[in-house]
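Counting with the working numbering, you get residues 21 to 108 for the letters of the sequence shown.
Read the hints as simulated data drawn from the structure, not as lab findings.
No residue lacks a Cβ here, since even glycine has one placed at the ideal position from N, Cα and C.
Some clues are possibly wrong.
[Stated by the list, open to error] Cβ-Cβ distance ranges computed for the label pairs, FRET-style:
#	residue 1	residue 2	range
1	Asp38	Val77	23 to 29 Å
2	Thr37	Leu80	29 to 35 Å
3	Arg76	Arg51	16 to 22 Å
4	Val93	Lys65	18 to 24 Å
5	Ala95	Gly58	17 to 23 Å
6	Asp52	Glu74	17 to 23 Å
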Amino acid sequence: MLKLEGLLNKNMRIRMTDGRTLVGLFLCTDRDCNVILGSAQEFLKSTDTFSQGEPRVLGLAMIPGHHVVSIEVEADSLEDTQGYGADH
21 MLKLEGLLNK
31 NMRIRMTDGR
41 TLVGLFLCTD
51 RDCNVILGSA
61 QEFLKSTDTF
71 SQGEPRVLGL
81 AMIPGHHVVS
91 IEVEADSLED
101 TQGYGADH
């Protein structure tokens, strides 16, 4: 759980079982692995970069844990968290 705290407000890309990809700020999760993203955008096709494709702006989005295929942290956001779990 402490490692997840270091990822709060970081840009994430979540791929879902139906092929959609949501990109947004990681706000929270729960024991069922549901994820809340803020400032979320939806891409209909999986993309290799955050900026490709025509997004649909969603705003606040809840992704059910059972629909999550993969979660990636944007590289720039990850650099800001170097060592976030080192003391724990």
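> When you take the CB atoms of aspartate 52 and glutamate 74, is the distance between them in 17 to 23 Å?
Replying inline: 31 Å Cβ-Cβ, so the 17 to 23 Å window is violated.
> Range hint 29 to 35 Å: satisfied by the CB atoms of threonine 37 and leucine 80?
Replying inline: Violated, at about 21 Å.
> So the hint says 17 to 23 Å: do the beta-carbon atoms of alanine 95 and glycine 58 match that?
Replying inline: Holds, since alanine 95 and glycine 58 (Cβ atoms, about 19 Å apart) stay within the stated range.
> Falls inside 18 to 24 Å, the C-beta gap from valine 93 to lysine 65?
Replying inline: 20 Å, holds
>> Assuming the hint says 23 to 29 Å, is it satisfied by the Cβ distance from aspartate 38 to valine 77 or not?
In response: 19 Å, violated
> Do the Cβ positions of arginine 76 and arginine 51 conform to the proposed distance bound of 16 to 22 Å?
Replying inline: 29 Å, violated
Figure legend: structure checked against the earlier numbered hints; hints not met, in rising order: 1, 2, 3 and 6.
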